[in-house]
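Trainee: Here is how the chains run, residue by residue.
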Amino acid sequence: MAPSAHPTQGVERASILPEFWIESEGAVRINAREIWDYRELLYFFVWRDIKVRYKQTVLGATWAIVQPVATMLVFTLFFGKIAKLPSDGLPYPVFALSGLIVWTFFSNALTQSSASVVGSASLITKIYFPRLIIPIASVLAGVVDFMIAFVALLGLMVWYRIAPSTQVVWVPAFLILAVISSLGVGIWMAALNVKYRDVHHVLPFVVQFWMLATPIVYPSSMLREPWRTLYALNPMVGVVEGMRWAVLRTDTGPGPMIIASSAAALAIFVSGAYYFRRAEAGFADVV
Amino acid sequence: MKAAVAIDSLGKQFRIGARAARYQTLRETIADGVGVGVRRLAAGVRGNARRRDDEVIWALRDVSLEIPAGEVLGIIGRNGAGKSTLLKILSRIMKPTTGRAVVRGRAGALLEVGAGFHGELSGRENVLLNGAILGMKRSEIARRFDEIVAFSGVEQFIDTPVKRYSTGMYLRLAFAVAAHLEPDILFVDEVLAVGDLAFQQKCMQKMDAVSHEGRTVVLVSHNMTAILSLCTRVIVLDGGRVQADGPASTVVEEYRTRALSELSAAETEAGVWENLRPAGNAHIVIDRLEMIDPRTGDRKPHLTMGDAVTFRMHFHASADCDSASFEIILQTQDALPLVGARTDADRVRTRVTAGQRGSIDCTFASLPLAANRSERYLFYLHVYDAMTGHTIFDGSNFGQFSVLPRDVEGRRYPLTTGASYIDAEHHWDLSGFVSS
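If you're matching them up, the sequences are chains A and B in order.
Under our numbering, the first residue of the first sequence carries the number 1, and numbering increases by one thereafter.
Under our numbering, the first residue of the second sequence carries the number 1001, and numbering increases by one thereafter.
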C-alpha cells in the first residue's frame, strides 16, 4: 500500500491495514516469518497434541518409557545375549536403550507428522494458517516423550554405575538435529500423503528398514571409513551416535560422521519445506 | 478509501471424475484397485501417466467484485453455485486457478463453527485452542474469556470435555468464540442457522452488532430473512458467475421470482416432485418427494384442508454424515415458512452413510394450511449437518402444491376468508346475536 498516493484518505484509521494478495500462482517461499507470526497457534497445537496423546490411557505418559524399554529388553536378549553384537564397550542394555529412545522419537515423529496434514483435513478446508505448522507441531509434541524416556536412560545408567560427563551439555544440540531430521522426512511424507495415500501403507516398511540402516542394535564402529561417513548420510546415524557420545562418552564424537548427517538432515529439511509449500496450494482441493 | 476486498476475474477449476458414486462389491474394489495400480505404474513407466479422470468443472468463472470497507455483502445462489468456493479463496484456504484478489485488513473466516474443536479437551481448553485457530492472540483470548463463556451460557460445564456436551451446548460455545473475533473483515458461511431459536436470535443480534461496527462482512446464506435483515448489498452466484448484483431487497426479490418461474415447470399432478436442480457439491441429495395419504398409502397431488398427510423424501448420500438433519417446510410463495418439521429438533437421529439410498417419512396428523384463493404453497426441503449448522442440501422451491377446501356435508366449503394461510379449529356462537 502506498499511503502517499492517497494523501487525503486513510487518515481515520490509525494503523495501516495489512494487505493480502491472493493469486493463482506465486513464487514458492518458505516464509519463515509467517510461521513466526503464527507461533502462538503452533504452541497451541503442540499443547493440544501433548494433552490429547495419553487421554483415556491407563499408563498415560509412562508409555513414553514402556515403548523403548520393552524393545530394549527384547533386543538385549536377541542381539546382546544370543547374537552377541558388539556395543562399543558399554553394557548392551544401556547401548540399546540410548539408541532406542532416539529412534522411538524419530519413528513416532515420522508416523505422527506424515498423518498430520490428512488428519487435519477439517481444519485445512475451513481456516487459513501456514500449513507447515501442522507437521512441525506433531514433531515437537514428541520432544516431551523423548525427555521422559531420557530420564529412563539416566535411571539405567545409575543402575550400571555409568556417570555422564560434561559432554552431556551437547544433548540439546543432537536433539535439535533429531528434530530437523524427523521434521525433514515428516514434511515430505505429510505432503505426499495428501496426494498419494500410499504413503500410509509404505511408511511402516520405511521405518523398519531405516532402523536397520541406523546404529541401534549394532555400533557404527563395525563399519570402516570411508564407508562409515557415507553411511552417515542417513541423518539418524549422526543423531544416534552423537547422542551416545554426549551421554555415554563413546568414541563417536563430532567428526565427519556428524557433519555428513547434519548436511543430509538440512538438505532433506529444506527440500521438504519447498516441496510442502509447493504442494500446499492444492491441499484444500484434494484433502 | 480503497475497497476492503477487490476481486479481479477470479476463477477456480476443480477436477472431478472417478469419484462419482458407484456401487461396488469389495471384490470388485480390490480387483479394480490392483488393476488401476498396475495400469498407472505401467503408464508411468511408459511416461504417459495421464489420468483418465481429467474431467474438470469451473466452480467460479470470471468473478470481479469490489467490496467497500464497512459494507455487509450477502452472497446467495443455489447449491454448487460457487458461494463457498469464493469465500474459501478470499479467506486464503484455496488458491484460485485464474485471476487475483486483494484483501485489505485482518480477515477472519467463519466457515464452520467449532473448527478444530477437540472432543477430549474441556470447554475451557477448546476456547483457548479455537481462539488461536481463528487468529486471536493469547492475551486477547484471556481478556475476553469470561465474556465468551458468559455468551455461550455453558459456565457450569466449562471444565468438562466437550465430547460430553449436547449438540446445542457444543455449538453455543463454538459460536461464542467466533462471535468475539475482531477482524477488520469477516467471511461468514452459513453458520447462523445453528442451535435453537433463542440462540439463533442471539447470533443474529451479534451479527447485526458486528455489521454496525463498520466492519466489512461477507455473508453466504440460504436464509433470505437473515440476508435481508443484515445485508445492504447482495450478489447472486449461478454456475460460478455473478448473475446479479445490487441492493439486497431488489436482488432477493428477483431471485425469488426467477426461482418461482423455473418452478412452474416442476409442477406435477401425480403427487411426486423430482429434484430439478443440479446437486452441486451436496453430499446428501433429496431427489424425489412424494405426498401420500397415510390411511390408504396412495399418492395425492393436492392437499385437502385438515387432512393427514405423509411427505416421503427420497435421498441418496455420497459421504458419511453422523448428524444429518432432514427438514421439510411448507412456505408461502413469498418464502414465508408456515409449517415445518426437522428431525434433529424432534430428536430423531438420522445417521447417513456414504452410498446410502433411502427415504424418510414425515407425517402430519392434520395440516393447518388454508385453501388460499390465490396462492399455492411451496415445499422447502433442507438437509443440514446439525453438528456444524452447515447446509448440505438446499431444496428451496422444491415444488408447489395447492390446498383444496374441505368437504362439509357434501359441499366444498372454503372455510377461510380465502386470503389467509392458516386454518384453525373454530366455531361461531350466535346466542347473543339478537339481544332481546
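In short, the hints are calculated from the structure, not lab data.
Here a beta-carbon is modelled for each residue, glycine too, at the ideal position from N, C-alpha and C.
One or more hints might be untrue.
Not everything, but these chain B residues come out facing chain A in the computed CB check (under 10 Å) [what the hints assert, rightly or not]:
1) Ala1115
2) Leu1129
3) Lys1137
4) Leu1228
5) Arg1312
6) Arg1357
7) Ile1360
Trainee: Run the structure past the numbered hints and jot down the numbers of the failing ones, going up.
Mentor: Per hint list: 4, 5, 6, 7 violated.
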